[in-house]
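*Asks:* Here is what each chain is made of, one letter per residue.
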Amino acid sequence: MTRWRPVAGAAAAFLALYLAPVLLPIDEYTHDIVGLTFVFMAAALAWNWVGGYVGQISFGHSAMFGVGGFVAARAMTALDLPFVLAWLAGGLIAGGYALLWGHPTLRLRGPYFSIATIGVGEATRLIATYWSDFTGGSSGVSLPLAGNPSKFELYWYGLYLLAAAVAVSYWLRVSRIGLGLLAIKEDVEAAGDLGVNPTLYQDVVLFLSGVMVGVCGGFYASYQAFIDPQDMFSFDRSIGLILMAVIGGIGTVLGPIGGAVVFVIIQEYLLANYSDLYLGLYGLLLILIILFEPQGLTGLLRRLLRLRPHRFRRERREAAT
Amino acid sequence: MGEAFTLAVSAVLLAGFYSAMAYGLGLIYGVLRIVNLAHGGIIMAAAYLAWQLFDRFAIDPFLAIPIALVVFFAVGVAIYLGLVRFIPRGPAGGVQSLLLLFGVWLVIRNAAYLLFSGNEQVIHTTYATSSVSLLGGSFSVTRVAVFVVALVTLLALHLLLSRTFLGRSIRAVAQNPESATLVGIDVHRVYVISFGLGTALAGLAGVLASTLFAFTPSFGASELLKSFVIIVLGGLGSVVGIALGALVLAAAEVFAVYVVPPYLTAAVGFVLLVVVLVLRPGGLFGQRVLR
Amino acid sequence: MSPLLVGEAVSRHFGGLRAVDGVDFHLDEGEILGLIGPNGAGKTTLFAVAAGSIRPTAGRVLLDGKPVSGRAAHRCVHAGICRTHQIVRPFAHLTVLENVLVGHHFGRPVPAAGRPAPSAAMEILDVIGLADRAADLPGELTLAGRKRLEVARALATGPRVLLLDEVIAGLNPVEAARFVDLIREIRSRGVAIIMIEHVMHALMSLSDRVVVLDHGRKIAEGLPDEVANDPVVVEAYLGGPDAGTA
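Chains as they are written, first to last, in my numbering: chain Z, 1 to 321; chain W, 1001 to 1291; chain B, 2001 to 2246.
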């Protein structure tokens, strides 16, 4: 029965967030920012599937964010696709792109994979910047006003994306695949010796992650109504996803959600006034978290509540006996 | 002289710089099994140090090398003792050290930005535009000088690692820390010195880079990537391996102008990395470096 | 009846070192084959080739007449060959039961039908004697326990051939005796076994047949008694480090 508790909790949270703008007097700025935060949460969760569940730290997720964004934007401007379909198209192509570079590089582990992803991000940014026929080069792409949802409506679409990301996060943890991912993370060779196909499962997870981050890129294009490659493909975007996941608790199921909240708060309120400290502050935060609480907010919370780690696993143990 | 020959000499000159740049990363990885993600940040910081010394005290960048070596050795020791030391070894620690040193990189970048703004800086030495005839081609004096410095550095490193007790200790620890402890080597001390030495070498590379390129606080990302490509190509085993790896990368970049548009030459290193990692996980010339 | 597993002139060289050099072997249905030889004889390398961890330099390994060598490790497992490691490597952050579940879930090309997995995995733990430790982490087990877990995981993949690499070495006599019974029990469930073992009396009492490797080559093969009295084998073990090359 314990399996249904998180599902019920998530449903209640979804309902509350769904109704909040209607029931509560929320000002427009907060409403919009919360909608965007949902999407950052979804993207950070998606990064965590690769970075946390499999333990492959990607510094190149901006590539999928950008690909998703530009494909969606072009699908809307050139093909007149409705925005939801355009986002999906962006997501699928971004997922395909993730597989294109991920399939060969995912057999690398640890720092080898990570550094390769720095290369992926940089190479993609360069190509996108110079492929101005598609990305508009330095002048970017503007989205048509007709057919593009307002920021007010986007709040709920952001919530749907977040719900989807949470569902996949949970599923990837408790399913058969989840067990395989844990095995791969622990010891890729031993996992192979027990019949786990590391290439397949890592490919699947990176593909899912790429699709989700790509759809988030499409959402972001609609939200901003204008995108340019320097922004969409920037290294800072990849860094942002890493930070959200690490702040919240890398490898935990819901940690990145909390991480995204902290990230956006820092971004909107602190850095609005001290924009010069942007990277350094995040760097410092990263150092402090890794040194003192590698499980981020989730670890901190567990410590405060004196919960034993890996609670879900305890539940499983109980279910097993 | 044909254009191809001129390009080949350019590649060799560039390879000199590349090997000096990659050695620091390779040394730290070889001994501590940690990829120093702050490597690019150190290179950038050293370029700014050289620029400041030149701008304020009129110290020629090449004469600033000893200063940079000392300063960045100290920086490396500080980073190790203050931060890296606390990270557990093993796979979990691998992810943690990666993220930790990435944080250090962000902090260094931000510090450079606060101190010197985001504007592009160049060091204008008196000889920056002079060139020298070499093997029938004409090459910039700076590039030749960088090559010579790099060559001397590699030679010195080779002698250090093969002829001194410290060098032999470093190699022993790189091979097997447990056995090294058994024969009485102070492994902790070797870790500190290796991290310092690796950082000092990144500092040297930064000073050399300052004479070749313009730089901003975000300089260093592609240098990190290239250094990594080189240690993957050449393995961690030897100075010769690193030099060969550097030569392959430099040649690929220089000759890529025949095949791809110029803005894509920056991606050559990455493509090379993926191809090599997939085809030869053990590196082209070295022993196995994976895991 | 044709043998279940056949190795044809299997070789594996590392640079100039011929770790395994043209070894022929076969394993019949339901048989226990002992693989012995001095340290560095190439036993573990031969296992790694048969289990798909490394590719052979030359030769091949066939299961039911179909080549398995050179395939990825997980495909060898799916084909029905599973190995254990001399140095056990359990997934440290997964419980004992979850460790076994990994083998059970992923060991077959298509998931096992029938009973839900945890009960099937528990049954294996029962056989292995770890049922009461199902919820513990591997780090909480003794060495003998971790070796049992290593075997349980491999058994959970539903292998037809099990490659056991020194599962008894390092155990005390009581535990070792229990392990001998366990291996017999596994064989009685229809699993053919090749085992590498330095604990000679255990290996000799279990094996139907013994193959002796030295310096990567097969120097003897036969019934345990025959092999134990073979002068070539005795010399390889006792005649000093270079005896086999003479």
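It should be emphasised that the hints constitute simulated quantities derived from the structure, not laboratory data.
Owing to the predicted nature of the structure, the values given are computational and were not obtained by experimental measurement.
All residues carry an ideal CB built from backbone N, CA and C; glycine is no exception.
Careful, some of the hints might be misleading.
Stated by the list, open to error - One side only, chain Z facing chain B, incomplete, derived with CB under 8 Å:
hint, residue
1, R176
2, L179
3, A183
4, A191
5, G192
6, G195
7, V196
As the list claims (entries may be wrong) - Some chain Z residues flagged as far from chain W (calculated, every beta-carbon gap over 10 Å):
hint, residue
8, H31
9, L81
10, I127
11, S138
12, G147
13, S150
14, A167
15, N273
16, L284
*Asks:* Each of the hints needs a verdict: does it hold here or not?
*Replies:* Okay, the hints, checked on the actual structure:
no.	hint	result
1	R176	holds, 5 Å
2	L179	holds, 6 Å
3	A183	holds, 5 Å
4	A191	holds, 7 Å
5	G192	holds, 4 Å
6	G195	holds, 4 Å
7	V196	holds, 4 Å
8	H31	holds, 31 Å
9	L81	holds, 30 Å
10	I127	violated, 7 Å
11	S138	holds, 13 Å
12	G147	holds, 34 Å
13	S150	holds, 35 Å
14	A167	holds, 26 Å
15	N273	holds, 15 Å
16	L284	violated, 6 Å
Of the numbered hints listed earlier, those contradicted by the structure are 10, 16.
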